[in-house]
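A.B. asks: Protein chains in written order, with our numbering: chain A, 2 to 479; chain B, 2 to 479.
It is worth saying that the hints were derived from the structure and are not from the lab.
What you are looking at is a predicted structure, and each value in this text was computed from that prediction instead of being measured.
No incorrect hints appear here.
You can't tell identical chains apart in this list, so a pair holds if it fits in one copy or across any two.
In silico lysine to any residue, SDA-like type, Cα no more than 20 Å apart, as pairs:
#1 K213 - Y158
#2 K213 - S236
#3 K213 - R157
#4 K436 - R179
#5 K338 - V263
#6 K213 - R240
#7 K338 - E265
#8 K213 - R179
#9 K436 - E53
2 protein chains.
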Amino acid sequence: MPGLELLDSLRAIVGRDHVDAGDAVREEDTHDEALTAEPVRPAAVVRPHTTEEVSALLAFADSALVPVVARGSGTGLAGGAMPVANGIVVCFDRMNRILEIDEQNHVAVVQPGLTLRELDDALAPRGFLYPVYPGEMSASLGGNVATNAGGMRAVRYGVTRHNVLGVELVLPGGQVLRTGGKFVKSSSGYDLTQLVLGSEGTLALVTEVTLKLVPRLEHNATLLAAFATLESVASAVPRLLGGGVTPLILEYLDTGVMAAIVHESGLELGVPDETRARTAAYLVVVLESSHADRLEQDTEAAAELLAQLGALDVYVLPRTAGMNLIAARERVFFVGKALGADDIVDTVVPRAEIPAFLADTAHLAVEHGAIVSGCGHVGDGNVHLSVFQPDPARRHDLLESLFRSARDHGGAVSGEHGIGTEKQSYWLALEDPAKIALMRRIKAAFDPNGILGPGRLLDAPVAAAGRVAAAAGAGEQQ
Amino acid sequence: MPGLELLDSLRAIVGRDHVDAGDAVREEDTHDEALTAEPVRPAAVVRPHTTEEVSALLAFADSALVPVVARGSGTGLAGGAMPVANGIVVCFDRMNRILEIDEQNHVAVVQPGLTLRELDDALAPRGFLYPVYPGEMSASLGGNVATNAGGMRAVRYGVTRHNVLGVELVLPGGQVLRTGGKFVKSSSGYDLTQLVLGSEGTLALVTEVTLKLVPRLEHNATLLAAFATLESVASAVPRLLGGGVTPLILEYLDTGVMAAIVHESGLELGVPDETRARTAAYLVVVLESSHADRLEQDTEAAAELLAQLGALDVYVLPRTAGMNLIAARERVFFVGKALGADDIVDTVVPRAEIPAFLADTAHLAVEHGAIVSGCGHVGDGNVHLSVFQPDPARRHDLLESLFRSARDHGGAVSGEHGIGTEKQSYWLALEDPAKIALMRRIKAAFDPNGILGPGRLLDAPVAAAGRVAAAAGAGEQQ
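Pulled out of the complex, with its shape left as it was, chain A reads as follows:
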């Protein structure tokens, strides 16, 4: 039971109706979408409505040493929004307004609880696009900022980091700062916007986000190419990108993933059995253009190029089939989950290293008695794997080996999901200790008492976080 004084303090800040504790905590607020995390009931869930309330919450939490976890929509895949038992969850679902759509500067200013779907619905009629599509439109912009979310369109438009121009943030202690602005460039001190992006709620709470918008292009076409080897997919990619046309989407899918999503969605792609039998991997290329005639030319040129580059066959999908294939690909996490995947990996390597990394992956899967199937943003080197191995110890060994392989191929643990609570042990074991130490000093520059995001990213796992836990208890007794 949380201390009554804690609850009273929180209620005084956000109002009685916006603090949940005990049995009133909603089940959905006890976890995110990470496959490996057990739900945790926090001391309280609070739902602020204004920056001032967030500031008051962080002033209180910092002085009482109460751990704080930020929560957007809870669609994260690495445990970044996992509560801690002695802490509070600050849930942003009541701070979900679009504050401004500035058509002159091509900018939107939004609150962190806004979802991608809500934003897109507002932008579409005006001809604008916020181009980051991590594949889950119920995700919040605040969560996207926390994890530096990516997705399939990153090959053309970049990830969250490349599309956020500024934030309003609240530091532990309650100080409110504004970084960046409605401009794409500045050389006026350290880039605090970029530092907070991807920091998984461990440096500050973000209460407002300034987003870059792009024109929405009308025309797109989807190509599906079947390849006999993954090496031939990987070697086709630089040639395709070198021609001056940047695809909107450039994905590979192994045959396991393709079979699963085709089955799940009832897709009919028209690939003959004979080709299918010889295929090891598919490449999906989506092109877009403001001009229908250019799109047609580019599609034809890309199809020819793919054939020259060794594709067994290349299909220009009818518009609906193309859209359905992309939609099915976006559900791949849920397909994997439904099939019983025990964990997922979203490691990133230099894109030319994908075949070597996946060759390692195949060996390691056999060695650890696991099934590993995957797809990925092949233009970015971002490989998504579903891992089927129910034994936690064997799975842990396998993942550690996979991440070590990615690192040895010049990559990093996570391309877009983040480290959170669930990939922390791997990341801390593999990353240069001098970098971890530097990041911890940076963390202390923002959050000297260590109240934000305990047990995730570079903070020690919660079981060992006695200092904050004990101190928080002491705070309640004051």
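Dock chain B against the given chain A, drawing on the hints supplied.
C.D. replies: Using the frame of chain A, we list chain B on its own:
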């Protein structure tokens, strides 16, 4: 005279031939291109050849508390490479190799002393481009990283921040870290690459840079549009950018700047006297494409659109004239300098605020008895002004007012030149003290003894930096 022990220590690290002191310090190493800074002779200039030497230099400097200033080619405009009298300058001109051009991953790995010209000469035959063109091809990549250099092509390709994927850096004390890699996305801890970018040599010394390359497009065309008011230029820009074609270059020039560069370069642009008399500002649009026919279509469409949007006249320049105009625009700093400009400003505002900011500028110029003329990257809101007012006190008042206006219009002091020693007083006076305090804590996380970049960016001006100066003296006596 620097202590002999200091020189002996430096010579032991980089070799006798690579330490200059006293009269042997080259004149060019005593300043950068900032108009307002007086040359300073440092205690020594050292020219390391390897990362190991840089590491040894920073280990020595940190323990002896010797101030360290990094220097690339010295083309900076804000005093970022200005020496301090009791410190050393680490000059990177011997670390100027291309370590790798990786055509599969579209990446180049280079040392910081490499110039943009040298890089471009190596990339051109391979069909690649490193797209950041700050307008001075003798600038070094290391200097570009330090200032987060921009330039005319940023509207299409972004600034240095958007094109650097990773760095090798050396911390005070000598620790060597590697950040990022040959990939465009990662969500694996704080983004140290982005933090070091634009930090003006105050956090770490960068010894290697991994750059993103893009395909070099063959075809380009230059449009020149004359407008009767700056408001009409500014309101044309979002319409032009909203059409789905991103220009390579999008510049405005006021009539003063246009007259100066036309005169200096002997350009003949074919603008009739009658049009010229009615013109308040010119818009220069460069389009590029991989397809000649598309370029022609786009050029025609842009010309029509500009006419609809109120241009007095629109000229499609012959290829040579277009290239000459851009080359002349790139020399605008030197033209201003030759005409006797007393200072320059490169402030950034939301692009829709440019007319209001420039209206303020015109009032402020009159009020302070100054001539202020300008041009800028109108797609990015980055306004470049030459300021003619020889009296330092009046000029300081004027610049402070200009920067305050920029801030009040939602902008920042510098868009791409940086703060250095020369814009420091303005920036510190206008920036939120809570942000400065946070940046100082971040600085301390990297450089606890404050040896890097004394007197610039957020470090107290050198006159007041008694601690380091005194301590450095003490270090020499050991």
